[in-house]
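Trainee: Going down the list, the sequences are from chains A and B. Read left to right, the first sequence gives residues 14 to 181 (our numbering). Read left to right, the second sequence gives residues 14 to 181 (our numbering).
Hints are computed from structural coordinates only; laboratory data are not their basis. Don't take every hint at face value.
If chains are identical, the list can't say which one is meant, so a pair holds when it fits in one copy or spans any two.
Think about it this way: if two alpha-carbon atoms lie no more than 30 Å apart in a straight line, the pair counts; the simulated DSSO-like pairs of lysine-lysine are [stated by the list, open to error]: (1) 42 with 24; (2) 42 with 83; (3) 83 with 169; (4) 133 with 35; (5) 83 with 170; (6) 43 with 170; (7) 43 with 122; (8) 43 with 83; (9) 122 with 87.
This is what each chain is made of:
There are 2 protein chains.
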Amino acid sequence: MIYRSIRQMHKMLGQLDTWLVKTAEYAQKKPFDVNTLLTFRLAPDQHSFVRQVQSSCDHAKMAAARLTGKEAPKHPDDEQTFEALHARIRAVRTWLDGFSAADFEGAEKRIVTYPPWEGKVMLGEDYLLERALPNFFFHVTHAYAILRNNGVDLGKKDYIGQLSLRAP
Amino acid sequence: MIYRSIRQMHKMLGQLDTWLVKTAEYAQKKPFDVNTLLTFRLAPDQHSFVRQVQSSCDHAKMAAARLTGKEAPKHPDDEQTFEALHARIRAVRTWLDGFSAADFEGAEKRIVTYPPWEGKVMLGEDYLLERALPNFFFHVTHAYAILRNNGVDLGKKDYIGQLSLRAP
């Protein structure tokens, strides 16, 4: 289920990518420069849109890295256009595609470390449920909320995406 | 891990409860009537604050119900004060406390039905990862974002809460 959680983050990053497309279409129609949205934020001491997207990517990336012990690729957070954000999302999704379920064997009990924890550690499953997933959804949802707050026509289906429905 | 996911929702509802307390303190200090925030929304076609809180409660409640086959208590969505929202959150958290890990045995493969799926079904794990958790975090984060957008002094620690840190 840990691998499946990483795949869910991969899927949500794909949804996020479609919101950027819809936002660019909306901007072209109005018209306005879509990149003006990069610095938009819902509170002066919250992250801007561009940082929300970067953080969404980072939380997915770091979850996969920390839960498997692999090193994550570095991204310098220098995106200044929607095109660059597309590329960032694409890079992280492609990197996540390199994992298989086998990479996450034993991840539940894997020791996760993080400098701000001052020497303390978390077990993999605790880390995933208490920190990685909540943080990931926090930033993805803030990105979504910023776009909705600016009039972009997104709905719950854009957020949730396709479900694994099957015949009964 | 399914039971642990339900416990994480239980925990996040507890965090949400503390945001309401901080918001009431902020309102008293300014001062303004805290209940004016109940109808605040980030976009005219998004849910209001009160509905975001109700939906957070409902997604946690329905996840536990659908994944165990138990019937969920009904809530008429008639809250008109912060006090009533506290009571709603408390009721759902208390109901969730009645579950044990054993109730979720086999939940991964449990058949989940939902009227809008037109006869199709989801397996429990798919439902949890693709629908229940994303929806739950969507509404909790929107509640948080609405409060931040209105100047309430919340931070990431209020969102994440206590982590299960342990000695290495």
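Trainee: Which hints, by number, does the structure contradict?
Mentor: 2, 7 and 8
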